[in-house]
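From first to last, the protein sequence lines stand for chains A and B. Per the numbering used here, residue 1 is the first one in the first sequence, and the count goes up by one each step. Per the numbering used here, residue 1001 is the first one in the second sequence, and the count goes up by one each step.
Worth double-checking, as some hints may not be accurate.
Below, simulated DSS-like cross-link-like pairs (lysine-lysine); rule was C-alpha separation at most 25 angstroms, straight line [as the list claims (entries may be wrong)]: (1) B/Lys1066 x B/Lys1020; (2) A/Lys112 x B/Lys1055; (3) B/Lys1020 x B/Lys1064; (4) B/Lys1055 x B/Lys1014; (5) A/Lys49 x B/Lys1041; (6) B/Lys1020 x B/Lys1055.
Hints in this document: simulated from the structure, not taken from any laboratory. Values in this document were obtained by computation on a predicted structure and should not be read as measured data.
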Amino acid sequence: AQSVTQLGSHVSVSEGALVLLRCNYSSSVPPYLFWYVQYPNQGLQLLLKYTSAATLVKGINGFEAEFKKSETSFHLTKPSAHMSDAAEYFCAVISGNTGKLIFGQGTTLQVKP
Amino acid sequence: GAVVSQHPSWVICKSGTSVKIECRSLDFQATTMFWYRQFPKQSLMLMATSNEGSKATYEQGVEKDKFLINHASLTLSTLTVTSAHPEDSSFYICSAPVAESDNSPLHFGNGTRLTVT
């Protein structure tokens, strides 16, 4: 069964600094991977997705993620953090052919001025 | 882009009453919708898969009689929390895939904050 693990429940960076949110996946087949962002009391917004077309995926708001099969990782990065990036971030994987999204535990990103 | 509308955004009810939450796909048809539950500062837990024209598929440990799901049309799924209790207080979020493919991302509603007093 597919699953994802997010390392670090809380990440704090200074405004303008690099953002790195970690996600490792477990899958016996090529996975479909996603990153979502959630602002307080709201639903989830898709940041980007990996569907095997390209290993480096660019998303919205300046975020990107690189699929590394050798490391079973799909870490999310952004070169320069903005205050508006403070939110909860979830890595997710499609479970088999059901279309169900299985989420990681989430990482809270704090951006300090 | 694709939009999923969820209503109400928040609701307060008394113990023993039932609450209905609606999830609509606004500019696309969704034969499948997913219902998630999220506890404070935790991840999303899949409750059930709502299937248009057939019974919902519930995840292990989710009470079917407690959380009634009806997928009445290609654009509407409803979740009814029956005989609500304080422990049912949570954030409920629906989602739908935009396209009928295995790797289609889900689009989410804005969630419903349920508080049972």
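Checked hints:
1. Among the hinted pairs, lysine 1066 of chain B with lysine 1020 of chain B is consistent with the structure: their alpha-carbon atoms are about 12 angstroms apart, no more than 25 angstroms.
2. The hinted pair formed by lysine 112 of chain A and lysine 1055 of chain B fails the criterion: a straight-line CA distance of about 48 angstroms is larger than 25 angstroms.
3. For the suggested pair lysine 1020 of chain B and lysine 1064 of chain B, the alpha carbons sit about 15 angstroms apart, so the restraint of at most 25 angstroms is met.
4. Only pairs whose Cα atoms come within 25 angstroms are accepted, and lysine 1055 of chain B paired with lysine 1014 of chain B is rejected, the gap being roughly 28 angstroms.
5. In summary, the hint linking lysine 49 of chain A to lysine 1041 of chain B is supported, as the alpha carbons are separated by about 24 angstroms, within the 25 angstroms threshold.
6. Taking the CA atoms of lysine 1020 of chain B and lysine 1055 of chain B, the gap is near 17 angstroms; set against the 25 angstroms cutoff, the hint holds.
Going through the hint list in order, the structure does not satisfy hints 2 and 4.
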